Amino acid sequence: MGQPKLSAAAEARPWLLFLCLAGAATAGVMQARAQPDSNGFISIDCGFPGPASYVDNNTTLSFVPDAGFTDAGENYNVSYAYVTPRLPRSYHNVRSFPDGARNCYTLQSLTAGDKCLLRANFMYGNYDGLNRPPVFDLYVGVNLWTTVNLTDTDSVRSLEAIVVVPDNFVQVCLINTGSGTPFISGLNLRPLKGSLYPEVNAAQGLVLLYRRNFGQTGDILVRYPDDPHDRIWVPWFDATVWDVVSTTQRVRNVNNDRFEAPSKVMQTAITPRNASKNIVFFWDNSLMQAKDQSSQGYMLIAHYSELNLLASSDVREFYINLNGKQWSDSIRPEYLYSDATYSTRPLRGHTRYNVSINATANSTLPPIINAVEIFSVISTTNVGSDSQDVSAMMAIKAEYQVKKNWMGDPCVAETYAWDGLTCTYAAAISSPPRITGVNMSFSGLDGDVSSTFAKLKAVQFMDLSHNNLTGSIPDVLSQLPSLTVLNLTGNQLSGSIPPGLLKKIQDGSLNLIYADNPNLCTNGDSCPTAKGKSKLAIYIAVPVALAVTIVLLLCLLMLKWRGSVNKPVKPGHVPTCDEHRHSSLQLENRRFTYKDLATITNNFQRVIGRGGFGYVFEGFLEDDTTQVAVKLRSQSSNQGAKEFLTEAQILTRVHHKNLVSMIGYCKDGEYMALVYEYMSEGTLQEHIAGKHLTWRQRLRIALESAQGLEYLHMGCNPPLIHRDVKTTNILLNEKLEAKVSDFGLSRAFNHDISAHVSTNTLVGTPGYVDPEYQATMQPSTKSDVYSFGVVLLELITGKLPILHNPQPTTVIQWTRQHLARGDIEGVLDPRMQGSPDVNSVWKATEIALQCTAHASAQRPTMTDVVAQLQECLALEEGREEDATESLYNGGSGDPSFSDNVHVADQSVDISQRSNGFEIGAGPATR
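Reading the sequence shown from the start, the letters are residues -27 to -1, 1 to 899 in mature numbering (1 follows the signal peptide of the UniProt record, and there is no 0).
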């Protein structure tokens, strides 16, 4: 007796169904093919190449390629060995998703509030040559639908859900859970009347377990056009226990039928061969494959119709028992009219559900059943991101052809939130998350600044810096009510700052950052007109004194702005590690004159470094044995006395083995310098770039750097934020011990007052800057955690923070993409010496990604980081000890890297169980 193909319900989670707009040059053509047909059906052949659709011979339905519904994944053909004449054409190919944790299809042109049937089809067919069917999750929006577990290479799996569409679009997403690459063969949508399946509503949906057509002989499926809704009815008949009852006449639906079972299905039924028997069947709670869904329960629908014209003396009357208790009233099927008895509440609380259809005492004929449907219930009570925000971001994605893996809901679930977006989540479950921050810096954007950004009504900060945006700044951005920071640095914008934004700048509600736009005119009255003339010429009558004043003010602003990526700000206080804040420089270390420095450095003979402050020179103190580094402020340095005083003040008060120690300072007229301990091995960046550090060395450097930062955050009162953590600011001594340096940009903050430092200046180095700080202009200790996470990724991967080949991206996104494919080997720096412990590498990479979480609340503290890195180092040192012992005992030495990777597969293909769903004749009860 063949077993049905089944799907499973999923844990109730928030969900969103939203619109995906086309973005390619061929968008209009593809969207035309992505529309429903005349029935409202959408039939997608996933992985089907080319632009043309085709008509399926069996159903007469038109199937379209999937290129108009998703912009991710790769097309493959299944192995030829699995292509048989009976295999439907849509199973000959698949779309595979090796990149990204979440990949989605978007089905649109729907009507909000309508019900629809979704069906996803799968056949592995060894398309990738690995002969390992994957296990992955399937979602409707962000709500888990089921876990797809294909244990057989040639098995065909069809999964179905019935849901209410809350908007004019619905998404189906495949989630990589680390057990193989997700793929899909086909995806269908069938609209349903609102009156059908009354238990489906905005609060819950149904996931199909079984749909059985009793009495149908052979293996003929009933579906469209026999079922106008294209439900698939699987035949079920056992001649050893059942008799078939059938008719060739049409079976009509009763008025207000809740299910509209097709006549083709209702024309056959079963009855016990032994008239004194009952019809019995059961299903197990264990059939639910999804995670912890047993509490949601099941729905049972029993379809029946009388197919024989009964004599006046005959009575067919029966009732349905469930687990020994009467579940239905007495039923007398009407001749050639279909009707159904169904659950009005989910069935719960049993490990097995035993159904018995019993004749009543008044019945002269045995019971009858034509068809049955069994569903599991999923909750759909929560909402996803604001639909206008979603539509705007999808339009922006399409307009700029964004190559990031932006899939599914931008904010929900938070695990899969889009990189570069900051969302706020309301306490009320009915309130959708809103997008409050957009960071699309270094994203390769071309063309104008899209006016669609103005539809993100809740956005507070927007970073479009370091792209290739051209044209003028749209004034429509001034209509964003909450926008406080707009960063347009490093583009090719032209024209003048529009009046709406100027007004916001003047009233202090907007911080506009626009450096490195050579064609952007920031003086509205003197910008060239379209004919190349200055608007200022129109106002010749303006007094010369006023014009001179304006020019002088502009020059002053430009001088203060020079070399910085941001607008000028008021100078802040100088932080200390004491409980008291000092208004003037109070240094405990030695004070040098400029002449002393010339002597120490042999007239500044050997340069050993250079930074924003100036050059760093090698020197020796008077004893000729103590080597020092002298950082002399250049006259052209964009770091002034404030930064000098900050670093000097901090270095006199911080004392930790992993922080660079200051020996003395110089403030001699216009000359400023710091004298600190000499770090013979230079910067960490130099070692990553070319000195082939082992994994153990890299871990120890990371741990020591983290300990230095932890001291700044926890050992100082008030705590210190470094604000410029990067590999060039981590120095190494002759023992390769790491020490954090360069405190000129540091700030202090008070835990009791605020979690952030109030500042209007963005400081730091591109690629290392915390996006939340970049957006709000308020750094916190978590800003240092983010930067350290980037440093840790550099140690792991050997790559720079910002990558440009083939597309602009960050080392964070690059690493996430590799890990989504389970490719930890591809993440490791190929120049790394030795064979590292795989568990140690995984853990360190996870720490780095935790540190670089977009929202600071999701990042660990430096204390947490230190503890986890100590565990990583212990794992690596333990592996080295085991390897040494193995070699000493005649073993094979270190295991290969790949041998340490193992994913246990404890899943079970429930559809292959022989006792999953049984039906037959049981003893009579009368």
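No lab work stands behind these hints, which were simulated from the structure alone.
Just so you know, not all the hints are guaranteed correct.
[To be verified] Derived DSBU-like pairs: lysine-lysine, alpha-carbon spacing no greater than 35 Å straight-line:
| no. | residue 1 | residue 2 |
| --- | --- | --- |
| 1 | Lys816 | Lys377 |
| 2 | Lys816 | Lys772 |
| 3 | Lys708 | Lys376 |
| 4 | Lys376 | Lys298 |
| 5 | Lys476 | Lys430 |
| 6 | Lys630 | Lys772 |
| 7 | Lys377 | Lys772 |
| 8 | Lys708 | Lys664 |
| 9 | Lys664 | Lys772 |
| 10 | Lys377 | Lys298 |
| 11 | Lys376 | Lys772 |
This one's a predicted model, so the numbers in the text were calculated from it and none came from an experiment.
Consistency of the hints with the structure:
For the hint linking Lys816 to Lys377, the alpha-carbon distance of about 25 Å falls within 35 Å, and the restraint holds. The hinted pair formed by Lys816 and Lys772 meets the criterion: a straight-line CA distance of about 19 Å does not exceed 35 Å. With a CA separation close to 43 Å, the supplied pair Lys708 and Lys376 exceeds the 35 Å bound. Simply put, Lys376 and Lys298 have alpha-carbon atoms about 58 Å apart, too far for the 35 Å limit, and the pair is violated.
About 18 Å separates the Cα atoms of Lys476 and Lys430, which keeps this hinted pair within 35 Å; it holds. For the hint pairing Lys630 with Lys772, the CA-to-CA distance comes to about 28 Å; that is within 35 Å, so the pair holds. At roughly 19 Å between alpha-carbon atoms, Lys377 and Lys772 fall within 35 Å of each other, so this suggested pair holds. Note on Lys708 and Lys664: the hinted pairing holds, with a Cα-Cα distance of about 14 Å set against a maximum of 35 Å.
At roughly 14 Å between alpha-carbon atoms, Lys664 and Lys772 fall within 35 Å of each other, so this suggested pair holds. Taking the CA atoms of Lys377 and Lys298, the gap is about 56 Å. The hint is violated against a cut of 35 Å. A threshold of 35 Å between alpha carbons decides the hint, and for Lys376 with Lys772 the separation of about 20 Å falls inside it, so the pair holds.
Comparing the model with each earlier hint shows violations of hints 3, 4 and 10; every other hint is respected.
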